[in-house]
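Participant: The primary structure of each chain is shown beneath.
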Amino acid sequence: MKTQPFGLIRNRKALVGVAIIAFILLVAIAAPLLTPYDPGARVGRPHQAPSLAHWLGTTRIGQDVFTRLIYGARTSLAVGFGAGLLITIVGTALGILAGYRGGKVDEVISFFTNMVLVVPNLPLLLVLAAFIGQANPWVIALILGGTSWAWGARVTRAETLSVKQKDYVKSAEMMGEPRWRIMTFEIFPNLISIVGINFIGSVIFAIITQATLEFLGLGDPKVVSWGTMLYAAQKASALSVGAWWDILTPCFALAFLGIGLSLLNFAVDEIANPRLRTGNRLGRWSALIRSGEGRL
Amino acid sequence: MAFLLRRLCFYLAAFVAAATINFFLPRLMPGDPVQIMFSSAGAELPPESLQALKLTFGFVDGPLWQQYLTYLGSIFSGDLGRSIKYFPLPVSTVLGNALVWTVGLMGTATIISFTLGTFLGILAAWRRGSLFDVIVSVGAIFATSVPAVVTSLIVVFFFGFTLNWFPTGYAADPALDPAFTLQYLGSVLYHGILPMLTLCTVLTGGFAVTMRNNMINLLGEDYIVMARAKGLSDGHVMLWYAARNALLPTVSSLAIAIGTVLGGSLVTEVVFNYPGLGNILYQAILARDYPVIQGQLLIMTATMLVANFIVDVSYVLLDPRLKRA
Chain A
1 MKTQPFGLIR
11 NRKALVGVAI
21 IAFILLVAIA
31 APLLTPYDPG
41 ARVGRPHQAP
51 SLAHWLGTTR
61 IGQDVFTRLI
71 YGARTSLAVG
81 FGAGLLITIV
91 GTALGILAGY
101 RGGKVDEVIS
111 FFTNMVLVVP
121 NLPLLLVLAA
131 FIGQANPWVI
141 ALILGGTSWA
151 WGARVTRAET
161 LSVKQKDYVK
171 SAEMMGEPRW
181 RIMTFEIFPN
191 LISIVGINFI
201 GSVIFAIITQ
211 ATLEFLGLGD
221 PKVVSWGTML
231 YAAQKASALS
241 VGAWWDILTP
251 CFALAFLGIG
261 LSLLNFAVDE
271 IANPRLRTGN
281 RLGRWSALIR
291 SGEGRL
Chain B
1 MAFLLRRLCF
11 YLAAFVAAAT
21 INFFLPRLMP
31 GDPVQIMFSS
41 AGAELPPESL
51 QALKLTFGFV
61 DGPLWQQYLT
71 YLGSIFSGDL
81 GRSIKYFPLP
91 VSTVLGNALV
101 WTVGLMGTAT
111 IISFTLGTFL
121 GILAAWRRGS
131 LFDVIVSVGA
141 IFATSVPAVV
151 TSLIVVFFFG
161 FTLNWFPTGY
171 AADPALDPAF
181 TLQYLGSVLY
191 HGILPMLTLC
201 TVLTGGFAVT
211 MRNNMINLLG
221 EDYIVMARAK
231 GLSDGHVMLW
241 YAARNALLPT
251 VSSLAIAIGT
261 VLGGSLVTEV
271 VFNYPGLGNI
281 LYQAILARDY
291 PVIQGQLLIM
301 TATMLVANFI
311 VDVSYVLLDP
321 RLKRA
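Chains as they are written, first to last, in the UniProt record's numbering: chain A, 1 to 296; chain B, 1 to 325.
In short, the hints are calculated from the structure, not lab data.
Here a beta-carbon is modelled for each residue, glycine too, at the ideal position from N, C-alpha and C.
Be aware that one or more of the hints could be misleading.
Here are the simulated lysine-lysine pairs, DSS-like style, with alpha carbons at most 30 Å apart [said to hold, decoys possible]:
#1 A:Lys222 to B:Lys230
#2 A:Lys104 to A:Lys164
#3 A:Lys235 to A:Lys222
#4 A:Lys104 to A:Lys170
#5 B:Lys54 to B:Lys85
#6 B:Lys85 to A:Lys235
A partial selection of chain B residues facing chain A, derived with a Cβ cut-off under 10 Å [unchecked claim]:
#7 Ala17
#8 Ile112
#9 Gly259
#10 Val270
#11 Ile293
#12 Gln294
#13 Ile299
Not the full set, but computed from the structure, chain B residues with beta-carbon under 10 Å of chain A [what the hints assert, rightly or not]:
#14 Ile21
#15 Ser145
#16 Gly235
#17 His236
#18 Met238
#19 Gly264
#20 Tyr290
#21 Thr301
If we strip away everything but chain B, and leave its shape as in the complex, we get:
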């Protein structure tokens, strides 16, 4: 419990750090940042949006520390200001809608690739040096050293444009109304296959390599030899003696991988024109919509911290030593 509390405090500090970066960046811009943002967005904004923009970045009358506290206060009450591009929609609404798609895509891809990668790693380690091991290891190197942008573009070119098997954009058929109907859900699944395939290609290799190496380190342990000596079946020793213990460090590597997943899904969404955070961010960058750009850093940091915390909790559940501590 103390462990989880300590982690929570740390995550809070990390979030405040991200907010602090957001607070100071516009103040480091030369000239009047709000005016610059206002003018770079074009002339079609109503004058009251200038005031809203000032409030977004905490430009209130008062000394710097007061501005900072005001800014932090509004962040923690969930007010991220208003978008310039979609004025007068609040940033939190714009990003909230997108977050659902991103988390859905990321979550599913992480679960699939973690499961697949772990099993490939277990088998590769079990038959170390075999053809299967070489294929998995070399394949993992190839898949993990190719940037997600490249993987996305190649997948969309091959399966989308050349073979015409899958749609190359949107999360669902735009002609359908979003509803919990079989038709709509089917369309979501159909549109999600290519982005999912890309993310899984990018992620699986890393999990497989981590699991393989953890397994190999364990296979020489006495209790494995003992399990074999007891005459247990190969599969039983592999899964219940070796893999179970090798899984622990793999779970902690999952926490590190979440950043990769986020970055990967960001790029993948742009290529597949998928309505998640990455795509919103891309549009915001093109339109120089600074409140949205800043808001996404906070949302993504929060997502990453929540995911990290989930990993922490599962670590405590998996490792009985931590529960007692």
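Bound conformation, chain A alone:
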């Protein structure tokens, strides 16, 4: 069959994705072992080109770009996974609640979900962040969690509607199991693939959005992350003075991590959902990412 080589390539993609994430994670954890410098300290002359002493050059104020890159990975990963988790928890809980309870509960939750979906996410985040002032990464993670759950809730609700018709849910109801038990132990485990895809999609979204907010000057410039690196480099007009290493380093890091996570999304889907071997898989994934303006 003609589709065979394509399936193989997909599996390889998943492998590559896991490898990329693992690599970035390891580098982030081992950051102090990999560099002699402090990410905030001035350790060289301003805007030095890459050399043996400074592998990726220095910033406008003489900080080591490589050091900031690997320390910044910690912030970007932590916020990404933290906010992703938050978004997923809120979205899944609301989705299951709306789908299982139905009636008034469903109407209220669905109304708010649809409303959050049509209010543009990034402008809303910008307004919130502007009022908070220079938001540290955890505040950003928190407001991401509060504003970006809508797509997950919608998808989870739709899936819950079909799961709740299953016999095992009906029999649990007959036996008089409490509602919260049915929702957490009968329905939730059967939504795990949707939840997993939602989670990775949300992580991608959170990492991109955090970097964007910080790039636009809404982050705390003292924090070292890929977003604040972009902000500082852009503010120092790194491109027009020819210091490409200053601005392209966080760019490629973000692109690399984004690609890795997207590839990982295939893996989760394939492991959790062997039935889903149709092209639909890609569609759901891309819709999830794009939902909350996953890619800004």
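Knowing the structure of chain A, use the given hints to seat chain B on it.
Facilitator: Just chain B now, with coordinates in the frame of chain A:
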């Protein structure tokens, strides 16, 4: 018709929700928000601007609900207050000028990438598993998982600063007077190419993937087999039997994508110093110009709702079942 009316009511509610967020945010600030905004903007403001600022956020004498109604009233009459940075220009003027550029950029980029993405998706699905399909699918993953900030910066670095092919800022040559002359329009086009290229790179992949998957789901249907059995040409079956039906869900995905387009154009404008909403917003954030920051949320929400409504209308036109309902 009932469908469109229902959507309109919903959009109205969504807009009021955005306005409500705007109303309550300054009231959640500790201390006197107007004083804080006033002082954070620097001392060069005339005293009468303090009064204008108070009115912008609906700080009138009276209970909260009265303030809220006053605020909603002024929003719906198109009065968004006055900008701090460009005082005494009204926010609606500042944003209105920028909106033209943003909608132009967004609209063109959406049309180009939607058309291109749809055709790539059709071809990829038609030759599922071929090298072309793999290239389109993998390319779409790469293009869609890279943030717009990154794409913009790489494009501006490569085509703007390194190759020097295109300008790296402004919507047109600042030396030219804005007029409907060939020279000016040419300059607008020339300056628009890089931001457009960025947005299209960011958007095309998503449309291609959606279309490809819709097509693949349809290709097994009986009427496709039947069309082939009738001996129709490949191209005819592909475009008039499969693609026509696959287009419907793609159009509804367009509504979701509008938020992406907005966010993307916001960032792209900042990088390319393009005088649209995104750039105005960026300047407003740097200057802590709160009335403009709040105004842009309303304008962007309105833009998104209008775009959503256009998609709704085209959906009704494309799907005859909805027309009868």
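Participant: Are the hints correct? Go through all of them and say.
Facilitator: Against the structure, the hints come out as follows:
| no. | hint | verdict |
| --- | --- | --- |
| 1 | A:Lys222 to B:Lys230 | 69 Å, violated |
| 2 | A:Lys104 to A:Lys164 | 17 Å, holds |
| 3 | A:Lys235 to A:Lys222 | 14 Å, holds |
| 4 | A:Lys104 to A:Lys170 | 21 Å, holds |
| 5 | B:Lys54 to B:Lys85 | 16 Å, holds |
| 6 | B:Lys85 to A:Lys235 | 20 Å, holds |
| 7 | Ala17 | 5 Å, holds |
| 8 | Ile112 | 17 Å, violated |
| 9 | Gly259 | 5 Å, holds |
| 10 | Val270 | 7 Å, holds |
| 11 | Ile293 | 5 Å, holds |
| 12 | Gln294 | 6 Å, holds |
| 13 | Ile299 | 9 Å, holds |
| 14 | Ile21 | 7 Å, holds |
| 15 | Ser145 | 4 Å, holds |
| 16 | Gly235 | 20 Å, violated |
| 17 | His236 | 22 Å, violated |
| 18 | Met238 | 16 Å, violated |
| 19 | Gly264 | 6 Å, holds |
| 20 | Tyr290 | 7 Å, holds |
| 21 | Thr301 | 5 Å, holds |
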